[in-house]
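Asker: Per the UniProt record's numbering, the sequence shown runs over residues 1 to 1100.
Hints are supplied without guarantee of correctness; some may be wrong.
[Claimed, not checked] List of simulated lysine-lysine pairs, DSS-like, C-alpha gap at most 27 Å: (1) Lys-578 <-> Lys-717; (2) Lys-159 <-> Lys-761; (3) Lys-945 <-> Lys-985; (4) Lys-578 <-> Lys-420; (5) Lys-966 <-> Lys-945; (6) Lys-189 <-> Lys-853.
Since the hints were made in silico from the structure, they are not lab data.
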Amino acid sequence: MARRSYILDIEYKVQSLWHEFGVNESNVPIDELKPKYFCTFPYPYMNGRLHLGHAFSASKAEFQARFQALMGKQILWPMGFHCTGMPIAACADKIKFELSDRKNDSEVDVKYNSKAHFSDKCDSNAQKNEGNILKYSSKKSKATSKTNNELSQTDIMLKMGIDNDIVHKFADPDFWLTFFPPLAIKDLKRLGFAIDWRRSFITTKRNPYYDRFIKWQFNKLKNLNKLMYGCRPSIISIKTLQPCADHDRSEGEGVGHQEYTVIKLKLKTYLDIKQLVIDDYKSYISEINELPIYLLAATLRPETMYGQTGCFVLPEGDYCAVLGFNNPKMDFNVQGVVQSLYHIKDSIELTDAIYITSSNSLYNLAYQGLIPLNPSQNTDKPPHILFNLTGQTLIGMQIEAPLSVYKHVYVLPMPTISIKKGTGIVTCVPSDSPDDYLMYKDIRNKADYYRTKYNIDPAYVSFDILPIINIPGIGNMCAVTECEKLKIASIKDRIKVDPLKNVLYKRGFYEGVMCYGKYSGQPVMNVKEHIKQDLISSGSAIVYMEPESTVISRNGDTCIVALCNQWYTTFGDENWKKYVHEHVNSQNFICHNESTLNQIKHVVNWLDHWACSRSYGLGTNVMLDNDNNPVLIESLSDSTIYMAYYTISHYFQGDIYGTKPGKFGISATQITDELFDYIFDISDIMPRDLPIEKHILLDAKKEFMYWYPQDIRVSGKDLIFNHLTMSLFIHQAIWQGRYMPMGYFCNGHILVDAEKMSKSKGNFLTIEECIDKYTADGMRVALADAGDTIDDANFSNDTANSALLKLYTLIQICKEFVESTEYRKDDAILDYDKAFVNHMKILANKAKDAYSKFCYRDALKYSYYEMTSLIHKYKLQSGTSLMNREIVLQYLDTLAKILSPICPHTCEYIWRDLLKNDSFVIKQQWPIFEDIDWGIYRRYSMLYKNIDEFRRAKEKAINQLKKKNKNAIVNFTSADIFVASKYTKVQELVLTQLTDMVKNNIDILNVNISNQLLQSETLKDLNKVDKKEALQFASYYVKEEYATRGDSSLKPGLDYCEIEFLELNKQYLKESLQLNELNLYQCDDGTCMPGRPTIRYLSN
1 MARRSYILDI
11 EYKVQSLWHE
21 FGVNESNVPI
31 DELKPKYFCT
41 FPYPYMNGRL
51 HLGHAFSASK
61 AEFQARFQAL
71 MGKQILWPMG
81 FHCTGMPIAA
91 CADKIKFELS
101 DRKNDSEVDV
111 KYNSKAHFSD
121 KCDSNAQKNE
131 GNILKYSSKK
141 SKATSKTNNE
151 LSQTDIMLKM
161 GIDNDIVHKF
171 ADPDFWLTFF
181 PPLAIKDLKR
191 LGFAIDWRRS
201 FITTKRNPYY
211 DRFIKWQFNK
221 LKNLNKLMYG
231 CRPSIISIKT
241 LQPCADHDRS
251 EGEGVGHQEY
261 TVIKLKLKTY
271 LDIKQLVIDD
281 YKSYISEINE
291 LPIYLLAATL
301 RPETMYGQTG
311 CFVLPEGDYC
321 AVLGFNNPKM
331 DFNVQGVVQS
341 LYHIKDSIEL
351 TDAIYITSSN
361 SLYNLAYQGL
371 IPLNPSQNTD
381 KPPHILFNLT
391 GQTLIGMQIE
401 APLSVYKHVY
411 VLPMPTISIK
421 KGTGIVTCVP
431 SDSPDDYLMY
441 KDIRNKADYY
451 RTKYNIDPAY
461 VSFDILPIIN
471 IPGIGNMCAV
481 TECEKLKIAS
491 IKDRIKVDPL
501 KNVLYKRGFY
511 EGVMCYGKYS
521 GQPVMNVKEH
531 IKQDLISSGS
541 AIVYMEPEST
551 VISRNGDTCI
561 VALCNQWYTT
571 FGDENWKKYV
581 HEHVNSQNFI
591 CHNESTLNQI
601 KHVVNWLDHW
611 ACSRSYGLGT
621 NVMLDNDNNP
631 VLIESLSDST
641 IYMAYYTISH
651 YFQGDIYGTK
661 PGKFGISATQ
671 ITDELFDYIF
681 DISDIMPRDL
691 PIEKHILLDA
701 KKEFMYWYPQ
711 DIRVSGKDLI
721 FNHLTMSLFI
731 HQAIWQGRYM
741 PMGYFCNGHI
751 LVDAEKMSKS
761 KGNFLTIEEC
771 IDKYTADGMR
781 VALADAGDTI
791 DDANFSNDTA
801 NSALLKLYTL
811 IQICKEFVES
821 TEYRKDDAIL
831 DYDKAFVNHM
841 KILANKAKDA
851 YSKFCYRDAL
861 KYSYYEMTSL
871 IHKYKLQSGT
881 SLMNREIVLQ
891 YLDTLAKILS
901 PICPHTCEYI
911 WRDLLKNDSF
921 VIKQQWPIFE
931 DIDWGIYRRY
941 SMLYKNIDEF
951 RRAKEKAINQ
961 LKKKNKNAIV
971 NFTSADIFVA
981 SKYTKVQELV
991 LTQLTDMVKN
1001 NIDILNVNIS
1011 NQLLQSETLK
1021 DLNKVDKKEA
1031 LQFASYYVKE
1041 EYATRGDSSL
1051 KPGLDYCEIE
1061 FLELNKQYLK
1071 ESLQLNELNL
1081 YQCDDGTCMP
1091 GRPTIRYLSN
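Assemble the whole structure, with the sequences as input and the hints as a guide.
Answerer: Encoded structure:
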């Protein structure tokens, strides 16, 4: 506790100094040729406190910013705060609803979830808050049973640590914008981020200057013809009736829509509707009886419909019969969404058919204009469901299958159908579908079973399987052929069926040739769309879409696909894609990870037109048409080029909310598009009609042109599929290929102690909690250690806790070194002094290389773990001879610099308080060392490695003796070390062979070295014992020596006298191994080798 408080106190004092002297404020330098480094991180969303996930991703930019500053670059590292979109508005509305509900319910009508500590808090407040509708109470109400085990929004706010007295204020979305951004700034300042806070801002119209920037951006895009208005499918929230983009979702980020061709299978078997229809529709039974009934079967392969031999349903599946339109009825509501609202009488008059489908598909069908909705219920607006039935009821009914060679086929059971996918009804084409063939075959083979269970007459599956598509190398009955070939006996054998299905579907499309029907002889890929259109034109099919997988909005509702009149950004434009691809494939764009680059290229290819306007939520309202109807820009669309706004934000605004003007001294209403065009180097024409001094305008433009483009954008990998790729497109459009982002670095998600971070698991950590528990630098060490790849990383609580203790110890040791007078009196530089300085230089260079590659775990290893270990070795080696003061001070100077990107507070304390420097460590230059003595490094590295091996040998010997006698007290006080002056003849032969391999460009690290050596004529002549020695030595040498020292390790001996070197370090060996006596012996009998002596411990 005291150690934590000690470090927290240091961190607070250091942060106060940074603030006092404006250390992190970044301006264009006097020397404009000075290299710059502009790094950014996607601004966090302000619907709660910043957590460990934010800190992990942002730390990648933070570490790099501080490192680049030490490399002599002028850095700009800003941070804004995102408030646009649905999440805040949705949460505010939930609280508003809950407060309203309480007002009408004496028992507070809000569900409460029981965590013990949370329960106690709520229960203690319940009595005193009774009667106050603005305060939370834990009393359960009738709503409890309706909400299952989910927390209410009020519960969530309390669990976030929000004071009970102010929860009601969050019913106003604007209060979120007031409450959370200052806390985010506080958290990041406490974490020690080197951010220029003068440039920070929040989004939405709450900040009128940023609001005006977004309006300029969309005016530009519209003028560049990058926006279009029209009707397109979008995934929408039914509650808000507006598109639900990735940031508006609580589940299903990155999910798009899947388009099906729905085949209308006309029911030929009589169905007694009068007995089934629900009461509301019984008075219209005569009109309903006139309507044809269709089973809707969704397929991705309309080209196979010639081969239909039936259709499948899920026997226990629930299906609905609804009124439907033959063709989509495009009635748009005020939000621009297709929504056909008709009362019962009008619906029966206007509809053309009865559709039988799964309940899962109903709202997708409705909002695509295929079935009407009933407006009589103000909230739900349900479809007109005439009756419900199970799949069992449908089995055995006769249907008419469009395009099928067979006039009438039957409904059959399939137990593997997913009722939640498509319409829950699928066509049966056994020639080309493995599922269909296996099910069709099973019904044929088990006729008695299916007759008994489902009343299926064998005649229902008596139709011959018809060849439809010929696939080269397989034939014209691909499903039949391959299922028999692979001996797949059951449809339930998904391990075999699923891969086969994927292969056949792909090959059928890309290689298949139609062998039946109107398009016989033509490639499937050329005629698939024609067959689909033929079915639609004849009224035999309709287009149907649904989300590829479940999407849940921030409002909590399951999203659907609707046809919407919307403004779209035309990312699907092939010419635009071409320009973006040119940049991504150029040397001007670096991803620091091949996987990230490949994914970005992939997304550029498939990214399609993106709905950029909304009618619900927070954001910027932009006038995009001439009808005086402003549209709200959605949260991903207003987040593509805001990085440019960082460069000049302080000229426009005086605080994050834009409540006062910045250097320009103008209001947001005075800003013109021409001003942005000039500052952002799109136009050379300086605005003349604004009250801004010319030199200030020039300075602002200079700022943009100096800092832009951004050098690196750090982000979680989830944003590759939207924000990061969209940003490339919009940059290309606005600046026509100039000022394109220069690099991306993407990381994986963060785990906590190898588990997904979750509030329910109790391992959800906010930045504030982490700092309070581990200190800022302790947390930063654990973040650096967590991982640097695109795979998920792991934040270890043990590492963070250990870092706290080690940092405290490091500070005390550094303080001891500075204050000590126990140093050598002479200026002599001894061998171990040289070794220490040399090793320190190598670690500094290794750390530099690691930082530059975003390998922070390695940077931590070299700058922290190995540097602290090195000083302990130096102190131990010095022994009674003592250390050299100047060398120790050089070490502290180097440590403070190279560790400062990760532990800035600790290093600033060492730099200023201990070393008494007046400057700040971030303003220093990275120590560049070129005079490396690799010979001395090799000698001492071997020494340290030998000592580690000797320690392990000692532990092993002690354990062996204790096994023989558990009560024995083993104390090794002396030892003999045996040193080889040369390799054995067999070892020399191996080294010669390895040298020849390297000369012949054989990669000996990545080949089977034993096989290579056994092919050698020299080794073939060895006897069995020598051959075994040769292979063992080769395996060891390649893995241990060559892997670390490269070609230099193949020299036929050491370049120094090993026994003399060990004699020189004899005292250090004794201290390290805790021995009273140590003897060194020359030994060339093969029991040891050069650089790898052996030890024999002598017990008491």
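Asker: Please name the hints from earlier in the document that this structure breaks, with their numbers sorted from lowest to highest.
Answerer: Those not satisfied are hints 4 and 5.
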